[in-house]
Amino acid sequence: MKQFESPRFGSIEVDEEQFIHFERGLPGFPGCHDFVVMEHDRETPLHWMQSVDRPEVAFLIVEPAQVLSTYRVEIPPRILASLAWDENHDAEQDVAVFVILNAEGSTLTANLRAPVLVHMKTRRGHQMILDDPSLPLRHEIAPEPVPQSEEPKEPNPAAQSRD
Amino acid sequence: MLVLTRRTGESIRIGDEVSVRVVDIQGNQVRLAIEAPREIPVHREEVYQVVRDENVKAAKLNPDTDPASLWQRSRDGRSKK
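These protein sequence lines map, in sequence, to chains A and B.
Here the numbering used here is used: the first residue of the first sequence is 1, the next is one more, and so on.
Here the numbering used here is used: the first residue of the second sequence is 1, the next is one more, and so on.
Don't take every hint at face value.
Unchecked claim - Per the computed footprint, the stretches of chain A lying under chain B, defined by three or more beta-carbons under 8 Å from a beta-carbon of chain B, are:
#, segment
1, 10 to 23
2, 32 to 44
3, 96 to 108
4, 114 to 125
5, 135 to 143
What the hints assert, rightly or not - Partial selection, computed: residues in chain A whose CB lies under 10 Å from chain B:
#, residue
6, Q3
7, F4
8, P7
9, W48
10, R54
11, A58
12, L60
13, V62
14, E63
15, Q66
16, N111
17, M128
18, I129
19, D131
Keep in mind the hints are simulated off the structure, nothing from the lab.
All values derive from a computational prediction rather than experimental measurement.
Where a beta carbon is used, it is the ideal one built from N, C-alpha and C, also for glycine.
Next comes chain B alone, as it looks inside the complex:
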C-alpha cells in the first residue's frame, strides 16, 4: 500500500484519468474532490461493500427457492401472522 501526505488544495493522481484533491480538513474529517471518467463509479467504501455483499447473497439464491410462490405469498399477505 502506498501512503502519501497531502495538504489542503493538493491532489493525487491515479493513472491518467483519476484525480483526488483534498478540499478541506476539519478535525478528523477530510473533504475530497474526485475527478474520474464517467464510466468509473466512485462510492464511499462502506456503501460499496454492503451493495456488493447483498449482490453476492442475491446471486446465490437457493435453487430450491420457488420465487413465484414466495412472491405471491408476500404480495397477498398470507405469509404474515
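Excised from the complex, chain A in its bound form:
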C-alpha cells in the first residue's frame, strides 16, 4: 500500500498493483511514472489520472467514445509492443484509450491529438502523439447527437471510499 496526499483529493491510499506505469512519463512530466485512475463520480464518465510521484499533478480523462463517437486510434506495432509483456501479449483489445480534458473558462476540451493508452493487463501506459495534424489538441465537448443510454447505473462497490 502506498499513501500520499493529493491537493484535490486529500489522502489517497492505493495498492501498488493498481498503478499505471509510464516508463518515460508524459510530455512535460518526464518524472511522473506512476498514476492511479479514479472515477470522478457515478453520474459522469469522467475519471482522474492522479500522479503518484507528483501529487499536485492530476489529469481529467474520459474515454474518447464519450466525446466523439467516430474517434479511432490505430496503435502502431512498436507502441503496442512497448506496452505488452512480449509479442504474445500484444492484443490491441487489451489497450484502453483515454483522452485528456482541459477547461478554458466554462468550455471543456479534449486532446484528440495525444491520447493516453493503458494496457489493462500489464498496467503500462503511454501518451501517444498521433501523426494526423487534423486532430485537434482542443476538441470542444459538445452535445452528442446520438442518444445516450438511459439505463440506470448500478452502484460500483469498488468505488466506495476507504475511510
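Could you slot chain B onto chain A? The hints should help.
Relative to chain A, chain B alone:
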C-alpha cells in the same frame, strides 16, 4: 550544443541505440531516417511542444473547477447561446 556537418547518406549516432541518417536534401528541406529503440518516442519538435504545453495546462486545472457540472453543461448544450 554540438553542430556537425553531414552529407546525404551519412549518419550520426546518439548513444548506443539512436541513429539519425540524412536520406535526402532538397533546398531547405532535409529528410531524416531515425532508428531508435521502440520505447524512445520520436516526434517533430513543434508537435511535441504543443502536446507538452497542453499537458501542463491540463494538469493545472483550477481546483475550484467542477468537472462534472462542466461536463453535463457541455453535453446537454446549456452552455451554448
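To see whether the hints hold, each was checked on the structure:
Under a criterion of three residues with beta carbons nearer than 8 Å to beta carbons of chain B, the stated coverage of the segment 10 to 23 of chain A fails, only 1 such residues being counted. A stretch counts as covered by a chain when three or more of its residues have a beta carbon under 8 Å from one of that chain; for the segment 32 to 44 of chain A and chain B the count is 4, and the coverage holds. Counting residues of the segment 96 to 108 of chain A whose C-beta sits closer than 8 Å to any C-beta of chain B gives 7, which meets the bar of three, so the coverage hint holds. With 1 residues carrying a beta carbon less than 8 Å from a beta carbon of chain B, the segment 114 to 125 of chain A misses the three-residue requirement, and the given coverage is violated.
Look at the segment 135 to 143 of chain A against chain B: 6 of its residues bring a Cβ nearer than 8 Å to a Cβ of that chain, three or more, so the hint holds. Here the hint on Q3(A) is broken, as its CB sits about 21 Å from the closest CB of chain B, past 10 Å. Using the Cβ-Cβ criterion of 10 Å, the hint placing F4(A) at the interface with chain B is not satisfied: the shortest such distance is roughly 16 Å. Hint status for P7(A) relative to chain B: holds, with the closest Cβ pair at about 6 Å, below 10 Å.
Proximity of W48(A) to chain B holds as hinted, the smallest CB-CB distance being about 9 Å (cut-off 10 Å). Residue-level restraint check for R54(A) holds (minimum Cβ-Cβ distance to chain B is 9 Å; threshold 10 Å). Interface hint status for A58(A): upheld, as the beta-carbon distance to the closest one in chain B is roughly 7 Å, under 10 Å. Interface hint at L60(A): satisfied, since its Cβ lies 5 Å from the closest Cβ of chain B, which is below the 10 Å cut-off.
Here the hint on V62(A) is kept, as its CB sits about 8 Å from the closest CB of chain B, short of 10 Å. For E63(A), the interface hint is violated, the least distance from its beta-carbon to any beta-carbon of chain B being 13 Å, above 10 Å. Among the interface hints, the one on Q66(A) holds; its C-beta lies about 9 Å from the nearest C-beta in chain B, closer than the 10 Å criterion. Look at N111(A): its Cβ gets to within about 5 Å of chain B, closer than 10 Å, so that hint holds up.
The criterion of a C-beta within 10 Å of any C-beta in chain B is met by M128(A), whose closest approach is roughly 8 Å, and the hint holds. This hint holds: I129(A) has a C-beta 5 Å from the nearest C-beta of chain B, less than the 10 Å allowed. Given hint, D131(A) at the interface with chain B, holds; its Cβ is 8 Å from that chain's nearest Cβ, closer than 10 Å.
Of the numbered hints stated above, those contradicted by the structure are hints 1, 4, 6, 7, 14, listed in ascending order.
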